[in-house]
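Asks: Note that the protein sequences, when read in sequence, are chains X and R.
Per my numbering, residue 477 is the first one in the first sequence, and the count goes up by one each step.
Per my numbering, residue 224 is the first one in the second sequence, and the count goes up by one each step.
Hints should not be assumed to be uniformly reliable.
As the list claims (entries may be wrong) - Pairs of lysine to aspartate or glutamate, EDC-like flavour, derived with a Cα cap of 16 Å:
no., chain 1, residue 1, chain 2, residue 2
1, R, Lys-507, X, Asp-541
2, X, Lys-765, R, Glu-306
3, R, Lys-525, X, Asp-1021
4, R, Lys-525, X, Asp-541
5, X, Lys-823, R, Glu-294
6, R, Lys-444, R, Glu-294
Claimed, not checked - Pairwise CB distance ranges (calculated):
no., chain 1, residue 1, chain 2, residue 2, range
7, R, Ile-311, X, Leu-664, 27 to 37 Å
8, R, Lys-472, X, Asp-543, 24 to 34 Å
9, X, Leu-913, R, Cys-271, 19 to 29 Å
10, R, Leu-275, X, Leu-500, 47 to 57 Å
11, R, Leu-375, X, Asp-940, 25 to 35 Å
12, X, Leu-941, R, Ile-334, 28 to 38 Å
13, R, Gln-329, X, Tyr-970, 53 to 63 Å
14, X, Leu-500, R, Ile-311, 57 to 67 Å
15, X, Asp-543, R, Ile-489, 24 to 34 Å
16, X, Leu-941, R, Pro-338, 24 to 34 Å
Hint data in this document are derived by calculation from the structure and do not stem from the laboratory.
Positions of the beta carbon are idealized from the N, C-alpha and C atoms, including for glycine.
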Amino acid sequence: MSLFIDIPEDDDQLPAINKDSGRLLWIASVDHKQLGIMYLWLALFFFLIGGIEAMIIRAQLASADNDLISPELYNQIFTMHGTTMIFLALMPALIGLATYLLPLMIGANEMAFPRLNAFSFWMTCMGGFLMYFSFFAGGAPDAGWFNYAPLSENNYSSTAGVDYYLVGLILTGMGSIGAGLNFVTTVLTLRSPQMKLNMLPLFAWMIFINGFLLLAAFPLLNAGLFMMLIDRQFDAHFFIPSTGGSAILWQHFFWAFGHPEVYILALPAFGIISEVIPVFSRKPIFGYKFIAASTVAIALLAFGVWIHHMFAAGMSNTVNGFFAASSMLIGIPTGIKVINWIGTMYKGSIRMTVSMMFAMAFLIDFTIGGLSGASFAIVPIDWQLTDTYYVVAHIHYVFLGGTAFGIFAGIFYWFPKISGRHLSEKLGKWHLWLFVLGFNMTFLLQHVLGIIGMPRRVYTYPADLSYWEILNLVSSLGAIFMFAGIAVFLWNIYVTLKKPRQAEDNPWEAWTLEWATTSPPQLQNFTSLPPVHSRRPLWDLKHPDNPDKKLN
Amino acid sequence: MPPQQKIQVYILAILSMLMIKTFTSIFWTNADDSTNQLYTYFGIAAGCILFLVIFFTYYFSKKYRAKNPDELPEQKEISHKFELFILIVASCITVFFLILSINTMQKIQDIPENPKPDLVITGHQWWWEASYPQSGVLTANEIHIPVGKRILLEVNSADVIHSWWVPALGRKIDMIPGLKNYIWLYADKPGEYLGTCSEFCGVEHARMRIRVIADTEEDFKTWTKSQLEPVITQGTPLFDKGKSLFEQKTCTNCHGINGTAYSENIGPNLTHFGSRKRFLSDMKPVTRENLKAWLTNPQDVKPGVKMPNFIFNPDEVEALTEYIYNLK
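So here's chain X without its partners, still in its complex pose:
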């Protein structure tokens, strides 16, 4: 039986901004390219808001016993910073890139469910704005991005903030589930007829696997969120111990989602790196099969490691030991991917574009994040360092040094395809160096802060603890460099978008199908497709004398 399903072309073309005119089409459009771009703008918008919140946090912590902002406001701001960056900046950026590129990479003209695609975007968008509306409705959520019960219950968090958090995340969660369903179905049904599953570009493969992760993880979160909403609105007792509930149950729900979420944010970035490094090393990726297979292993293991977020919660040595083993196990496929990427550079002809430099910054900083992550699998170390600034450093090395550097690499790589214009390489280098240096300055030191005893989520700290103040001050100064880097990035986008469209179809001489169409693509992505017989169809087209091994 064939997996391919013929989807009839609509007689009426679906609405899209390129086809008709009229401002309402920004809302009505279901074109995957336009939605992808809207996702990216949304992500940039919230990335800036989350960044401003981060700057307020670093300003408050720059000196001991500082009273720049009140503790109540500080708690709202760090909660919103975490929630924003994870759910409203990184997720939309990755889903946006995937929405834009997935059909192009597999030679399709649209996603499998274009209307669901629009629905997903608008759910994410509305969820985000609803969450921010809480600032005008009595106070933002203030119980941290993982919202531990019973602190987040009515008794201890009486403003409506947590309710906005719950409803907002339920909406974005629904959007993410829709996106996951769309990714999986699109890959299964709309690939170019010649393209077998083992010929998918690695980015498309990672998005495919990510689709399953989204489908399995977000319902767990939404179930938990609904239970807490029922607790708060209808006085149920799921997570309230004093009336028979269980405080720790919330943690199980949250982290059973939360750990797969880490990989939901990491896998697409792995995919971007797996596209960028080979193209700029002018060589095929080293170990396609291993990278693809280990991604499946990671996706499965991701659901069996969540207790490592709760090693200090007092579970037995047996339970902790089991999850220590699974957490260490998941480090192996992740770690070897780094070897694959470095191995791809070996004996290549490396072009040092900004995109490639971001990919290399990713390799180093993600390794640091991965190693500090591995230290949490060693339970006795976790018993000391969990919930300290060491974790703060770790999460930022994974999400910023990993995912965000991956996204930057991807933006610089695909910008000519998406907009028809090249981002300035010169400004890009300023952006890169300011951001990478500032990033390491801010977060490398936070490992030390955690080790010498600074807990996370504190609005201030006493002045008489040695090294705390100076380390925090340097950390805050690093944030200024990062902020400057982002300012350069914005300027770069602004000046680039004012230039006329002049990018070639395939400026990087890349090998995957998205580069076979115009830059930017027409509303109908492809009128004809090149033959696909290997993982690098455009290589085969250009080098008929030396084609890759035929896979179909």
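Keeping the supplied structure of chain X fixed, place chain R upon it in accordance with the hints.
Replies: Chain R only, in chain X's frame:
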């Protein structure tokens, strides 16, 4: 390798060594050598891996930089045996650390079947209630333990989740409402050990710090005895005025004093408050000035704290200070 690159490699090596050093020397903990040993081993392994990744990323980017943009390398991958080799090495490292961590866990966390705690700490928003079931001492925030003895600590919480962490005395443990958790504390020499609540617990989480005072066996006995003595009930006229104010102004609805009719524990127990060195979970030293500032407006000193501002007039503050400060 040209000399310039050699220098760069040396710098990298020194940086990696510094990372290892950070991992191994800066830790406060002296609670158990096995955790320190784990840190050291992990620091060495992580430092080596990081060094290799940085070195090869950097070195390849220099060595294989394209001389001209159209250059095409041979389209060949490294042998997959290399992948297999790395896989085996990674698995060995993992097994090594797994065995080591499970051994260490069992050494640190060997709680008896029916635990009889020496010390019970209950977390409150944002203070610590401490009771010693063996001797019957009940106090708050200032926690004393004897040195050279493993103390079995039971923790729980009266409201939200807190987390007990005094790095030099032992592991971290969450204090979860409705659950009892146990760990061992051990101090090898007398002194004061700092720690902090490490689970976000609301507005004043940052000010929920811990100071454990480890006494010699003898000092601990003396302290225990002094804590069990009845509080004084009569003193100067100002003291007596303060005492009656304490009763009238509903202080007793939250604060207990052992040996009197007041046994509420919504706020910290004030028995022998004057004997304590610091108050407000280690925020301020116990002095008349600090106490006055606190009683004048608690929300000024520690914004968001559960104690309301009673709008005492200065005379009342004076009297209450005299009373509480002299509860020795």
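Asks: Hint by hint, note whether the structure agrees.
Replies: Do the hints match the structure? See the list:
Proposed proximity of Lys-507(R) and Asp-541(X) is supported: the alpha carbons are some 12 Å apart, at most 16 Å. For the hint pairing Lys-765(X) with Glu-306(R), the CA-to-CA distance comes to about 11 Å; that is within 16 Å, so the pair holds. Distance check on the hinted pair: Lys-525(R) and Asp-1021(X) sit about 76 Å apart at the alpha-carbon level, beyond 16 Å; violated. At roughly 11 Å between alpha-carbon atoms, Lys-525(R) and Asp-541(X) fall within 16 Å of each other, so this suggested pair holds.
Annotation: proposed proximity of Lys-823(X) to Glu-294(R) holds, straight-line Cα distance about 12 Å (limit 16 Å). Note on Lys-444(R) and Glu-294(R): the hinted pairing is violated, with a Cα-Cα distance of about 81 Å set against a maximum of 16 Å. At roughly 35 Å, the beta carbons of Ile-311(R) and Leu-664(X) sit within the given window of 27 to 37 Å. The beta-carbon spacing between Lys-472(R) and Asp-543(X), approximately 29 Å, falls within the hinted interval of 24 to 34 Å.
The given range of 19 to 29 Å is respected by Leu-913(X) and Cys-271(R), whose C-beta atoms sit roughly 24 Å from each other. Judged by the Cβ atoms, the range 47 to 57 Å given for Leu-275(R) and Leu-500(X) holds: they are separated by roughly 56 Å. At about 31 Å, the CB distance of Leu-375(R) to Asp-940(X) agrees with the hint of 25 to 35 Å. The hinted range of 28 to 38 Å is satisfied by Leu-941(X) and Ile-334(R), whose Cβ atoms lie roughly 31 Å apart.
A hinted range of 53 to 63 Å for the beta carbons of Gln-329(R) and Tyr-970(X) is consistent with their spacing of about 59 Å. Taking 57 to 67 Å as the suggested C-beta distance range, the pair Leu-500(X) and Ile-311(R) conforms, at roughly 60 Å. Under the hint 24 to 34 Å, the C-beta atoms of Asp-543(X) and Ile-489(R), about 27 Å apart, fit the expected range. Taking the beta carbon of each, Leu-941(X) and Pro-338(R) are about 33 Å apart, inside 24 to 34 Å as hinted.
Hint violations for this structure: numbers 3, 6, all remaining hints satisfied.
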